[in-house]
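In case you want the letters, here they are:
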Amino acid sequence: MLKYRSAGRGLRRVSAALLALGIAVLFVAPSAADDGASELLRDGEYLLRAGGCVSCHTGREDDAPFLAGGRAIESPVGTFYGPNITPDPETGIGRWSQRDFERALQHGRSPAGHHYYPAFPYTTYARMRPDDVAALWAYLRTVEPVQRENRPHDLDWFARFRPGLAVWKFLHFRPAVFEPDADASDEWNRGAYLSSALAHCAECHSPRTRTGGIKPALRYAGARMAGGDVAPNITPDQETGIGSWSGRHLMRYLDLGMDPQGDFAGGPMGDVINEGTSFLTDADRRALAVYFRSLEPIRHEVPPAD
Amino acid sequence: MHRMLMNARNILVGSAIALALGVSGPVYSFDDGAEVTIDYRQGLMRALGGNMSATAAIVVDGADFRDNLLAHTRYIVDATQDIPALFPEGSDFGETDALMSIWEDPERFAELSRENHEAALALHEAVEEGDDAALMPRFRSVGESCRACHEDFRRRD
Numbered sequence: 001m002l003k004y005r006s007a008g009r010g011l012r013r014v015s016a017a018l019l020a021l022g023i024a025v026l027f028v029a030p031s032a033a034d035d036g037a038s039e040l041l042r043d044g045e046y047l048l049r050a051g052g053c054v055s056c057h058t059g060r061e062d063d064a065p066f067l068a069g070g071r072a073i074e075s076p077v078g079t080f081y082g083p084n085i086t087p088d089p090e091t092g093i094g095r096w097s098q099r100d101f102e103r104a105l106q107h108g109r110s111p112a113g114h115h116y117y118p119a120f121p122y123t124t125y126a127r128m129r130p131d132d133v134a135a136l137w138a139y140l141r142t143v144e145p146v147q148r149e150n151r152p153h154d155l156d157w158f159a160r161f162r163p164g165l166a167v168w169k170f171l172h173f174r175p176a177v178f179e180p181d182a183d184a185s186d187e188w189n190r191g192a193y194l195s196s197a198l199a200h201c202a203e204c205h206s207p208r209t210r211t212g213g214i215k216p217a218l219r220y221a222g223a224r225m226a227g228g229d230v231a232p233n234i235t236p237d238q239e240t241g242i243g244s245w246s247g248r249h250l251m252r253y254l255d256l257g258m259d260p261q262g263d264f265a266g267g268p269m270g271d272v273i274n275e276g277t278s279f280l281t282d283a284d285r286r287a288l289a290v291y292f293r294s295l296e297p298i299r300h301e302v303p304p305a306d
Numbered sequence: 001m002h003r004m005l006m007n008a009r010n011i012l013v014g015s016a017i018a019l020a021l022g023v024s025g026p027v028y029s030f031d032d033g034a035e036v037t038i039d040y041r042q043g044l045m046r047a048l049g050g051n052m053s054a055t056a057a058i059v060v061d062g063a064d065f066r067d068n069l070l071a072h073t074r075y076i077v078d079a080t081q082d083i084p085a086l087f088p089e090g091s092d093f094g095e096t097d098a099l100m101s102i103w104e105d106p107e108r109f110a111e112l113s114r115e116n117h118e119a120a121l122a123l124h125e126a127v128e129e130g131d132d133a134a135l136m137p138r139f140r141s142v143g144e145s146c147r148a149c150h151e152d153f154r155r156r157d
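Here the protein sequences line up with chains A and B, keeping their order. The first sequence begins at 1 in my numbering and counts up one residue at a time. The second sequence begins at 1 in my numbering and counts up one residue at a time.
It should be emphasised that the hints constitute simulated quantities derived from the structure, not laboratory data. Treat the numbers as computed from the prediction; the structure is a model and nothing was measured. Don't take every hint at face value.
If you only want the chain B side, here are some residues facing chain A, beta carbon under 8 Å, derived [as the list claims (entries may be wrong)]:
| hint | residue |
| --- | --- |
| 1 | Met52 |
| 2 | Ser53 |
| 3 | Val60 |
| 4 | Asp64 |
| 5 | Phe65 |
| 6 | Arg140 |
| 7 | Gly143 |
| 8 | Arg147 |
| 9 | His150 |
| 10 | Glu151 |
Where is the CB? At the ideal position from N, CA and C, for every residue including glycine.
Looking at chain A on its own, in the form it has when it is part of the complex (with noise of 0.2 Å):
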């Protein structure tokens, strides 16, 4: 009896760790996969985050709907309007493919094949890893469609004739991946991948030339921008850039926006802070600062207004 009962026990035992194990199997396995796609969407998330793409996507007032478009972005050859990248079949990306999306995100041209202007900074995105670029299309995907129109960008008449872009790709844009430096930290390394495949800093940073490419030998090292506020020279020079600040000045400036006298940003960069690097990681802010804080310091005064 006693033996009978032990015996039942011990079936009783193994169909409850049977039982205990179908229960792991139907609910761990699941969520085991919803954990890599929710993995994947928080990932693209952060990208979004990273490439600084929400300030010019998403409208300046305050109820202005996500990713729907309409921030006006000042250039030197007119205003652009941020397009709606919300999955809305109308108005928005919904019809696009994935294919669509890297081919528009990394080599300028939208589904039909026009071009696109630079002031969307794909030069600096071509140089994104695939699994980012498919991590953040995974996510725009997920975003609330929202239908609105794009508006129309308003340029000089010289800008309009789109086929006239293809020059200017000619000149300025080549498809790109991003080199790691073997002898540099990982730090340095993603703190270089952050600034040049993502958040684009030099496109701002950077004087142009006439053609409207950035002048390689003075990347980074400061400009007008069209709507004439200044983009300061951002190298590590001791009279013209940011050469007094440390790395725990910079940190902090693309977290809270405040600079070392306790200043705070305002103007574009207070969007890029806003939308974009007070949602990064502190060890990405970090090496964010150490990446800029390593580069040859190029003595260059922005030169004042006309």
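Start from chain A and add chain B according to the hints.
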């Protein structure tokens, strides 16, 4: 010598006239009320910046001056009491980074100034109450409210 005497006489005469007219300012004051206002508000903003950076050194980076925090946050509260009063009509020219939008959209400017003051008050209260866990988030929101205003109302160059 003669010139010095003449200068002294001019100063005396000038002072007498100034006193007679009931002018209380120093005799060398020029007719530049707006510039004085701009000087004052720029000095105040620099002082705000100084107190914010000192606060950040304590709150963000743990500088060992916790006892001074109250003085810094009290200044931030006092100085942000009435920011629009620092920007009277006519103080929009010369050496200022103030944008015209201050006078074009005074309601929005007043609203953002009020939010800034309220954020400063909340930070100050946390310091007073010794609520150290609230210091960082409240400092952050003061910073956000500074940026919000600079974004729309200050030129950056």
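How the hints compare with the structure:
With a cut of 8 Å, the hint placing B:Met52 at the interface with chain A holds, because the nearest CB-to-CB distance is about 4 Å. Interface restraint check for B:Ser53: the shortest CB-CB distance to chain A comes to about 3 Å, inside 8 Å, so the restraint holds. Nearest Cβ of chain A to the Cβ of B:Val60: about 6 Å, under the 8 Å cut. The hint holds. Interface restraint check for B:Asp64: the shortest CB-CB distance to chain A comes to about 16 Å, outside 8 Å, so the restraint is violated.
Because the beta carbon of B:Phe65 sits about 15 Å from the nearest beta carbon in chain A, more than 8 Å, this interface hint is broken. A distance limit of 8 Å between C-beta atoms decides the matter here; for B:Arg140 the minimum to chain A is near 6 Å, and the interface restraint holds. Checking B:Gly143 against chain A by beta carbon gives a least distance of about 5 Å; that is within 8 Å, so the hint holds. For B:Arg147, the shortest C-beta to C-beta distance to chain A is roughly 5 Å, which falls under 8 Å, so the interface hint holds.
With a least beta-carbon distance of about 3 Å to chain A, the hint placing B:His150 at the interface is held under the 8 Å criterion. The beta carbon of B:Glu151 comes within 4 Å of a beta carbon in chain A, closer than 8 Å, and the hint placing it at the interface holds.
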